Amino acid sequence: LAKTTQPISMDSYEGQEVNITCSHNNIATNDYITWYQQFPSQGPRFIIQGYKTKVTNEVASLFIPADRKSSTLSLPRVSLSDTAVYYCLGSARQLTFGSGTQLTVLP
Amino acid sequence: DVKVTQSSRYLVKRTGEKVFLECVQDMDHENMFWYRQDPGLGLRLIYFSYDVKMKEKGDIPEGYSVSREKKERFSLILESASTNQTSMYLCASSFGTGPYEQYFGPGTRLTVT
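Residue numbers (our numbering), protein chains in the order written: chain A, 1 to 107; chain B, 1 to 113.
Chain A on its own, in the form it takes in the complex (with noise of 0.2 Å):
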């Protein structure tokens, strides 16, 4: 199963783009990439997933280079709502979150 990468912590201003980058360099084939948000007292949400290229819906945009051995989250023009714990998962069937990207958007 893909292991993931991610960056423990960043801090954002409102309004920024925010780039997030996974590496997972054993992904699979037939894995997808998949990331969640998961805010304080909650449980995590599902944001975007993807295979290659770029994905992109209301909440974020997912690039994923030819090789596929890494990904970038992209939140555009954060805003304090967006400080939240966020996981990367390279594989469909990872069901190991890790502990995730806290990011932090300040005003």
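In short, the hints are calculated from the structure, not lab data. Treat the hints loosely; a few may be bogus.
As the list claims (entries may be wrong) - As a list, the in silico DMTMM-like pairs of lysine to aspartate or glutamate whose alpha-carbon atoms are at most 25 Å apart:
id : chain 1 : residue 1 : chain 2 : residue 2
1  : A       : Lys3      : B       : Asp28
2  : B       : Lys53     : B       : Asp28
3  : A       : Lys3      : B       : Asp59
Said to hold, decoys possible - The calculated label-pair distances, taken between Cβ atoms and stated as ranges, are:
id : chain 1 : residue 1 : chain 2 : residue 2 : range
4  : A       : Thr104    : B       : Asp51     : 37 to 43 Å
5  : A       : Glu14     : B       : Val12     : 28 to 34 Å
6  : B       : Leu41     : A       : Ala28     : 24 to 30 Å
To be verified - To give an idea of the interface, some chain A residues facing chain B are shown, with a C-beta separation under 8 Å as derived from the structure:
id : residue
7  : Thr34
8  : Gln42
9  : Phe46
Being a predicted model, the structure only gives us computed values, none of them experimental. Ideal Cβ positions, reconstructed from N, Cα and C, are used throughout, including at glycine.
Add chain B to chain A, keeping to what the hints say.
Positioned in the frame of chain A, the structure of chain B alone reads:
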């Protein structure tokens, strides 16, 4: 909307008690999961189930057991609660065997004294 509910938001139990945490989902999902979350350790998988009466151990099954008698219900059992099982417990469910997203419940904060 998919809904995953957990029987309690907060629970306080004594050491040695048998504890049941219940999880129910209303979307006919095949898969159900139990995680615990502790500061600095992220979410760790305890047990999961791909079908009724079926269970698989996750990363940290010791001290826990599970039961899935009906498709919509997945129970986590602490046979003899210990203080190191004080944690936030999260239940989740998902469709089939593809890359389907997991839907999480609100969590149960269990304190064992």
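Results for each hint:
1. Restraint check for Lys3 of chain A and Asp28 of chain B: not satisfied, since their Cα atoms lie roughly 30 Å apart, outside the 25 Å limit.
2. Straight-line distance between C-alpha atoms of Lys53 of chain B and Asp28 of chain B comes to about 15 Å, which keeps the hinted pair within the 25 Å bound.
3. The suggested pairing of Lys3 of chain A with Asp59 of chain B holds, with an alpha-carbon distance near 14 Å, which does not exceed 25 Å.
4. For the pair Thr104 of chain A and Asp51 of chain B, the beta carbons lie near 41 Å from each other, so the given range of 37 to 43 Å is met.
5. For Glu14 of chain A and Val12 of chain B, the hinted distance range of 28 to 34 Å is not satisfied, since their beta carbons lie about 39 Å from each other.
6. The supplied range of 24 to 30 Å is met by Leu41 of chain B and Ala28 of chain A, whose beta-carbon atoms lie about 26 Å from each other.
7. Checking Thr34 of chain A against chain B: minimum C-beta separation of about 7 Å stays under 8 Å; hint holds.
8. At a threshold of 8 Å, the smallest CB-CB gap from Gln42 of chain A to chain B is about 6 Å, leaving the interface hint in force.
9. The closest approach between the C-beta of Phe46 of chain A and any C-beta of chain B is roughly 4 Å, which is under the 8 Å cut-off, so the hint is satisfied.
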